[in-house]
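2 protein chains.
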Amino acid sequence: MLKEAIYHRPKDNFAYAYDDKTLHIRLRTKKDDVKKVYLIYGDPYIWENGEWQTEKKEMRKSGSDDLFDYWFTAIIPPYRRLRYGFELHDENDMLIYTEKGFYDEAPKDDTAYYFCFPFLNKIDVFKAPEWVKDTVWYQIFPERFANGNEKLNPKGTLSWGSADPTPTSFFGGDFEGIIQHLDYLVELGINGIYFTPIFKAPSNHKYDTIDYFEIDPQFGDKQTFKRLVDLCHEKGIRVMLDAVFNHSGYYFAPFQDVLKNGEKSKYKDWFHIREFPLQTKPIPNYDTFAFVGEMPKLNTENPEVKKYLLDVATYWIREFDIDGWRLDVANEVDHQFWREFRQAVKAIKPDVYILGEIWHDSMPWLRGDQFDAVMNYPFTNGALRYFAKGEVKASQFANIITNVLHSYPNNVNEVAFNLLGSHDTPRILTICNGNKEKVKLMFLFQLSFTGTPCIYYGDEIGMTGGQDPGCRKCMIWDEDKQDRDLFAHVQKLISLRKTYKAFGNRGELRFIETNDETNHIAYTKTYEDETILFVLNNSNQELEWTLPLHLKGKLLTNLWTN
Amino acid sequence: MLKEAIYHRPKDNFAYAYDDKTLHIRLRTKKDDVKKVYLIYGDPYIWENGEWQTEKKEMRKSGSDDLFDYWFTAIIPPYRRLRYGFELHDENDMLIYTEKGFYDEAPKDDTAYYFCFPFLNKIDVFKAPEWVKDTVWYQIFPERFANGNEKLNPKGTLSWGSADPTPTSFFGGDFEGIIQHLDYLVELGINGIYFTPIFKAPSNHKYDTIDYFEIDPQFGDKQTFKRLVDLCHEKGIRVMLDAVFNHSGYYFAPFQDVLKNGEKSKYKDWFHIREFPLQTKPIPNYDTFAFVGEMPKLNTENPEVKKYLLDVATYWIREFDIDGWRLDVANEVDHQFWREFRQAVKAIKPDVYILGEIWHDSMPWLRGDQFDAVMNYPFTNGALRYFAKGEVKASQFANIITNVLHSYPNNVNEVAFNLLGSHDTPRILTICNGNKEKVKLMFLFQLSFTGTPCIYYGDEIGMTGGQDPGCRKCMIWDEDKQDRDLFAHVQKLISLRKTYKAFGNRGELRFIETNDETNHIAYTKTYEDETILFVLNNSNQELEWTLPLHLKGKLLTNLWTN
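Those sequence lines, one after another, are chains A and B.
One point on numbering: in the numbering used here, the residue at position 460 of the first sequence is 461, and numbering is uninterrupted.
One point on numbering: in the numbering used here, the residue at position 319 of the second sequence is 320, and numbering is uninterrupted.
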């Protein structure tokens with residue numbers, strides 16, 4: 002057995018509290034190297050005759066990626082304490098793996114050899130809102146969803162869909178438009194809306210906030226927004242807003258004050274200014290988002306800034322009863338701020354959803370003290386590379402997805418925000434070169450996968466467009482121009498996800514077959530005595546597929562054709 | 002190159018902020034497998050002609066353990082942001098390692114492949130008090146250090162040193178006794194005292210607190226304690242107390258109230274009670290330390306308990322100006338409590354030292370939001386196994402120590418609490434079977450090692466004793482019975498550590514030779530242009546050792562013989 006490949010470290014994704022009673026333990030070994038793994042475990046304080054008392058439980062292989070196999074077991078320690086090690090077997094050998102290294106025999110004269118989960122304290126358990134697990138999100142870019150009140154149109158507003166969007170064009174989308182089309186969303190079946198920013202800001206995307214306490218007048222007023230949230234709630238739809246707390250806009254009053262008064266400004270410590278006077282070009286002499294002088298980074302370590310932003314965060318929950326915050330550029334803001342953010346918002350609404358925008362490995366934000374989830378771009382990339390771009394074959398896709406699942410605890414995976422596209426990426430139909438069948442497969446995978454899926458407005462009716470601004474075209478409301486077949490497909494998937502527990506988050510996913518020649522994958526989702534089998538043929542060829550033998554004698558239903 | 006052995010994951014001990022400007026990046030590879038490693042890195046937002054712009058820096062091998070080599074480099078990213086990957090070479094091949102896996106060539110069309118340290122936010126930097134790096138601690142078990150006021154003797158007090166201690170014996174040690182012997186400690190050269198608990202408690206060890214706001218009368222009153230702290234401070238000695246916050250004693254008033262009033266007690270949620278009425282035997286039906294019914298676990302998730310304990314924590318700092326808290330059974334208390342603890346105590350004394358008692362891998366407590374350090378038992382065990390017990394040879398000892406150093410960030414290592422013995426372990430001279438030379442070697446290693454060393458009272462004069470109560474004998478004050486030669490040895494080492502920066506924490510340690518036949522080790526400590534060479538002969542044979550050639554032409558001083 003290859004010792005160098007064997008990995009475990011307590012907490013994070015390898016040993017974590019799944020709920021108030023249960024610990025999940027994982028182990029990584031070299032792929033196809035180990036035949037059986039047992040967990041050796043016990044309460045650290047139970048001894049007899051000078052020997053630590055342990056039990057043994059077989060672990061199961063929970064998946065594999067390119068290089069590794071992963072092993073899993075769940076344990077309910079009666080006194081909430083656990084010391085443990087691993088007993089690994091291949092055909093010939095046995096190996097004991099502990100925190101102190103490898104042994105031929107499990108040492109019992111001391112618990113200090115062993116890994117330790119010292120105590121399962123409830124308050125430390127990662128707990129995301131339950132409702133998120135059953136939510137299908139819909140992302141709305143408010144400027145482009147629907148124009149319901151032309152009186153609010155900004156100067157120079159173009160008529161709806163009359164042109165391809167540019168970085169600076171306006172089409173007048175607003176809250177009234179969204180309200181008028183809520184029934185469309187209900188028909189589709191979604192039950193959560195994620196709005197990109199709605200606060201006062203000069204751009205069409207509103208990521209350059211001027212005032213975090215005001216709604217941009219092009220979208221409507223607070224009353225209209227309140228009506229929108231209330232209507233959503235009546236229809237069982239949750240509402241998530243976008244918080245741009247990493248940086249402000251250029252016209253944010255405190256930044257304007259610093260521009261004007263320099264070192265004398267009482268807001269000079271609201272930003273990270275390297276020297277006075279401020280220079281915005283060529284490279285700003287203050288910290289910014291990327292090198293964009295118009296987006297000065299906020300000093301979230303400054304107690305005044307912290308208070309201001311936490312007041313913003315709680316204001317929109319308290320006054321408008323929103324259900325979630327999506328946090329823009331969340332990875333560049335300090336962890337301490339997010340810890341206090343979580344305490345503040347959960348104190349007034351315990352089941353609010355906190356979603357960070359992070360594109361890379363996000364374990365340090367998902368330990369229970371900061372976010373509930375991140376935008377699962379590793380999932381996105383895997384799906385796009387397999388279904389849309391054909392860059393990887395079936396087996397590598399399964400490896401990527403298994404790797405994503407094993408990068409985080411299961412309770413984190415269950416609320417991961419799984420998107421295929423967004424206002425920051427080209428439209429999925431465009432990436433698929435217009436091949437609708439590939440889009441359909443992707444939706445099937447997304448909507449049957451672990452996590453909380455999000456559909457970018459218009460993807461369900463086959464809208465197209467490249468990198469932004471291309472992906473931010475006006476929503477098409479003329480049914481003749483909508484791909485109603487694709488709409489029906491997504492609608493059906495959402496309905497299946499809602500109807501069958503195994504289809505959605507309760508179902509545990511296992512890849513049962515991948516074939517690089519035919520490029521198909523097959524996986525099951527199992528919940529209690531119900532198993533749903535998925536076979537996805539990601540090729541242009543017909544696929545003949547024989548149901549696995551062990552399904553014989555069981556009640557079979559074709560969920561797709563009914 | 003063995004891909005399965007290659008490991009990196011951002012934050013924790015592999016990528017961390019060393020200070021407000023500097024990131025440390027580490028990589029792990031299979032031992033003796035890789036010849037050269039370069040860090041490929043850049044600001045994520047610097048692009049030219051559609052290509053991400055990167056730089057390259059060679060990493061150096063910072064050490065090896067049983068199975069792995071570790072590579073290290075430090076980077077100061079001008080905009081505090083970093084994306085990075087690794088370029089690995091052996092004789093024939095080159096391999097690029099990124100967050101998304103391995104490549105033959107470094108991809109430059111996207112930064113998403115790469116590992117990410119998104120932003121170096123100062124508030125998240127692990128920061129322990131500077132003074133700890135230059136402190137040599139002395140641990141005092143107050144009941145056994147010196148009896149300076151016989152009027153305070155508890156009932157049944159035995160005369161000083163007249164008998165071997167039992168679990169229940171008293172010898173009347175007190176604050177007055179410590180005050181009378183401060184000059185002894187000054188003579189030895191220590192500049193920090195760690196006191197095991199001093200609060201009101203019935204036992205001789207005081208880990209069964211009755212009242213966290215009162216000093217146990219056998220030690221003296223608050224005035225005397227204040228005088229002790231002030232005298233220590235006058236002599237440049239810091240004072241650390243022991244906080245037993247995981248559990249209370251049986252006679253802690255709130256627990257007595259629950260015992261008496263059961264479910265009606267207003268303190269019923271101060272503990273973790275599984276059912277009423279309370280049963281202490283055979284296994285308590287409430288959570289306890291181990292299965293000790295007399296030590297009920299405190300419910301540190303309960304805001305009332307939290308407030309009470311944080312009031313305790315701040316009270317002794319505010320009123321008595323103590324410099325540190327050592328936290329008993331720290332690993333079984335929730336992380337959230339420790340986060341609030343840190344905020345509370347650092348708010349009133351920013352350079353207070355927070356030391357957790359954790360015997361196992363402690364990364365989850367050392368991320369900057371909880372502790373400054375843990376008791377470094379992995380160091381202890383390594384040293385005892387090599388020097389005292391002869392269980393491992395020179396090379397394995399170096400492996401163990403290198404592994405310990407690479408388990409944590411460097412700024413964590415610099416304040417690690419390195420002990421050889423304590424009130425919880427047999428005396429080091431006893432473990433060495435009375436072989437003083439081995440004890441001397443151990444002290445040399447401990448006092449020249451990275452971290453903050455602690456001497457258990459009496460070890461410096463050759464006291465003996467097995468597992469407690471054996472290791473808790475009365476301090477010997479009769480100089481004729483003290484091993485003054487050993488005292489002088491420790492005194493000299495402390496003095497060298499204070500005199501030469503390279504000797505102590507500023508010096509960077511490298512093992513330059515280990516020999517399993519002669520069982521000797523050689524290492525250097527380097528600070529700026531000063532290098533100290535240590536050769537430790539852990540055998541009964543004489544060792545002939547030739548100075549390394551590259552020392553030729555440099556100014557040499559024998560620090561030991563002067």
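A few of these clues could be false.
When chains are identical, the list treats them as one kind, so a pair holds in a single copy or across two.
Once the Cα atoms are required to be at most 20 angstroms apart in a straight line, the calculated SDA-like pairs of lysine to any residue come out as [unchecked claim]: (1) Lys394 / Pro285; (2) Lys22 / Arg507; (3) Lys32 / Gly435; (4) Lys4 / Ser65; (5) Lys502 / His9; (6) Lys308 / Asp329; (7) Lys101 / Glu392.
Calculated directly from the structure, the hints in this document are not laboratory data.
Can you list which hints this structure breaks, lowest number first? 1, 3 and 5
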